[in-house]
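Novice: Each chain is listed here by its residues.
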Amino acid sequence: MKAAVLGKRGRYALHGAMLAAAVAYPFVFRKPFPQDLAIKIFLFGGLASAWNVLGGFTGQVSLGNAIFFGVGAYATAVVQTHWGWTPWVGMVLGMGVACGVAFVIGYPCFRLKGHYFAMATLAIGEVFSTLFMNWQWVGGAVGVYIPLRDDTWKYFQFGTTKLPYYYVTLAFLVLALLISEGILRSRMGYYFRAIREDQDAARSLGVSARGYKLSAIGISAMITSLGGGLYAQYVLFIDPPSVFPMMLSIQVVLLAVLGGVGTLWGPVLGTVILIPLSEFTRIYIGGTGSGLDLIAYGFLIVLVSVVQPRGILGFFRKGGNA
Amino acid sequence: MFLPELAQSLLSGVLMGLIFALVAVGLTLIWGIMDIVNFAHGDFLMTGMYLSFWMYSLWGIDPLLSLPVSGIFLFFLGVVVYQLIIRRILGAPMLIQIFATFGLMILMRYVAFYFFTPNYRTIQHTFLSGSIDLGGIYLPVPQLAAAAGAFLTTGAVYVLIHRTRIGGALQATAEDREAAALMGIDTDRMFTLAWGIGAATAGIAGSLLSIFFYIFPEVGGIFGLIAFVAVTLGGFGNVAGAFVAGILIGVIEALAGHFYDPALKTVFVYALFLGVLFFRPQGLLGVK
Amino acid sequence: MSLLSISGVAKRFGGLLANDDISFEVGEGEIIGLIGPNGAGKTTLFSCIAGYFPVTSGTIVFDGKRISGLPPEAICRRGIARTFQIVRVFKEMSVLENVMVGAFLSTSSRREAEAHARAVLGRVGLSGKAESFARSLTVSEQKRVQLARALATRPRLLLLDEVMAGLTPQEISEAVSLVRTFREDGLTMIVVEHVMEAVMPISDRVVVLDYGKKIAEGAPGEIVRDERVIEAYLGVKHRASH
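Quick note, the sequences are listed as chains S, D and E, same order.
Numbering follows our numbering, in which position 8 of the first sequence is assigned residue number 8; successive positions increment by one, without gaps.
Numbering follows our numbering, in which position 51 of the second sequence is assigned residue number 373; successive positions increment by one, without gaps.
Numbering follows our numbering, in which position 41 of the third sequence is assigned residue number 651; successive positions increment by one, without gaps.
Think of the hints as simulated: they come from the structure by calculation, not from any bench.
Mixed in with the good hints, there may be bad ones.
[Stated by the list, open to error] Here are a few chain S residues that face chain D, going by a calculated C-beta distance under 7 Å:
1) LEU112
2) GLY114
3) ALA118
4) ALA120
5) LEU292
6) GLY298
7) ILE301
8) SER305
For every residue, glycine included, the Cβ atom is placed at its ideal position computed from N, Cα and C.
Based on the provided sequences and hints, a complete structural model is requested.
Specialist: Written out as structure tokens, the structure reads:
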């Protein structure tokens, strides 16, 4: 869309302006709340983009991406509490574990067609949640408290300012977008989309469906788990309900679909709209635990499905993706 | 000794399994006729439960009497859901189809959450109470009655599908939509009917369940999942298969709770589900 | 040595024997017509060659190496491409992108793939539609997209499954000329067709299937006069009138 309107120079200028605005934002909005909001947007934007690689580009609808989020969060937390390592190591480790888990899940599940793949990811997600609830080595139902420290980059904790979190999560989002764009422009992206459109036809053109689907879930898992690690460091406490909930898996799907599934900017657009909306609803109307925000989610999901399945970007595109 | 407890578990499992079977039957009807996975099915059950609960709490109506109300209300709810939502996503990509019923599930669940609070409710004094003593094995009358009700309703649905003209039309539409249309069957009407019946059976199951089970907003989750497993196990669109599978799952769940930790019962069901998906996607009774 | 060698191939689906002891050879540069009444097993045979079904028995040898049992993507990489009877284009991608998926087989550079794809589109006469979304094309145009896409993989053997069905006579003659130019480039082809006016003029040899068995093989001129072939198509009625 933007390319059609602006041309290459215009696009780079626009992206540059957006980035500059994002960099300047915390100096304009100095209070914790707007900064926290932005951090949430960056984090979820990255998660939604990560899901988009698997579900949007490749058409494999995963309803269990929270698995990878939780794995990343736990890896980051546990290496600190059990071995005293830095969270950065934990995040890298988490990415590796998440990728491994992704392959283990993907290998059998990718044989399943459409609906069944989605249901299987849902079931596996719930199994993970229950497993971690009962796994005492990682804290079980109690969860993991990351030991508090004074402001430090080595252990990535800052009690006095949100700026480091802000810029790191911004970098995370930018990374997710760069990876997504890189994929779309490469052979892998074409193959992903071909698999989404018609797997058998793709195979007749030499595309190894299994190999590429595994790549997609691996990439999605690694980015998602990195997000999980950042989350863990931001809130400094994790437990199964906070990092493995089905609602998180659904949320990232909603964000991507609302904005425009399968497009580059769709997930970000959906996040920019929905996260502030849900935060404001939570604070002014609902309060956590009332369920009102979830009612809104459910309603929105049905609405998008029925009225505009292509998402908001669908209003601007003639048709098709990327 | 060990044996009476085992037998007790088994029997409880069968009783519960009959309720599972009823829920599964509704789901398999919808699934079989239009290949749409209704993620909100468990929440139809939840709606039936709350309906019975409120009729009892506000007006003292016994759940057994509110059964037909539940059935009728849910029938219309199913029809409305089909007309407003499902109809418009019939040709949509699979992601959207999954998404739409998923959104419906969340919507229904959290509407209940918001209006009724997450508190667990029970219906205390019903018509039926006490238990029957079968040589050391106790069969609570409420459970027995609920199971009997489920059995009868399932039977009624079976008769409807296999022995009536309209059931024949439903089956024809399920087997080959286009051929059925060519024969003059109004497929839209068939779909509407399937959703109505499917939702109604879930609602009736909910009312039956409310006699002895906890009523809370998330109750649809576990029963919905079990229905999925049962339908996958029994073969889609296969009413008899869903029935058998439902009972089987009831027994397996009871045994899992008996031999292992009752808290892990759910994991067992999930594991069973995954097992069926991977190794026998056509179901125990189905043909690939 | 022939390019493709089919020996004793049989394919069973449960109780149905879709292909029964089929054997024939395809020489390099030949065009083989594969005909037979509906349900004779032609598309099944294609699917076996292309790797979508494992053969129940028999072997398929391509370029001296056994390919029966390989998955579709491996068979494509060996040099066999196919089109599908019911058109299967990538609907949400543009025509150019569709063909690029095929072109990417021999390169990972987007630039090269795009250039090759455009060249192929030029050959099939779809250059003007390169940027259009595949789903907005007519069925016959989509068939050409499918064809271009398969060609972009630079195959040595091309399996064409009823590409002429539903085309106007004008389109058929264009398609026939196009197929002839492929042959001039050295492409070997097996063509499944119902449209006799299309398949007979272009085939060097014709193989006839009926009820899963091969009932005749020979030059087009012989095949049209072959009693067994006529009987297979016209059935008992014809026999009765003799």
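Novice: Each of the hints needs a verdict: does it hold here or not?
Specialist: Here's how the hints hold up against the structure:
1. Evaluation of the LEU112/S hint against chain D yields a held restraint, the C-beta minimum of about 6 Å falling below 7 Å.
2. The beta carbon of GLY114/S is positioned within 7 Å of a beta carbon in chain D (closest approach about 5 Å), and the interface hint is therefore held.
3. Among the interface hints, the one on ALA118/S holds; its C-beta lies about 5 Å from the nearest C-beta in chain D, closer than the 7 Å criterion.
4. About 5 Å separates the beta-carbon of ALA120/S from the nearest beta-carbon of chain D, less than 7 Å, and the hint is met.
5. The restraint placing LEU292/S at the interface with chain D holds, with a minimum CB-CB distance near 6 Å, inside the 7 Å limit.
6. At its closest, the beta carbon of GLY298/S sits 3 Å from a beta carbon of chain D; the interface hint therefore holds under the 7 Å criterion.
7. Look at ILE301/S: its Cβ gets to within about 3 Å of chain D, closer than 7 Å, so that hint holds up.
8. Checking SER305/S against chain D by beta carbon gives a least distance of about 4 Å; that is within 7 Å, so the hint holds.
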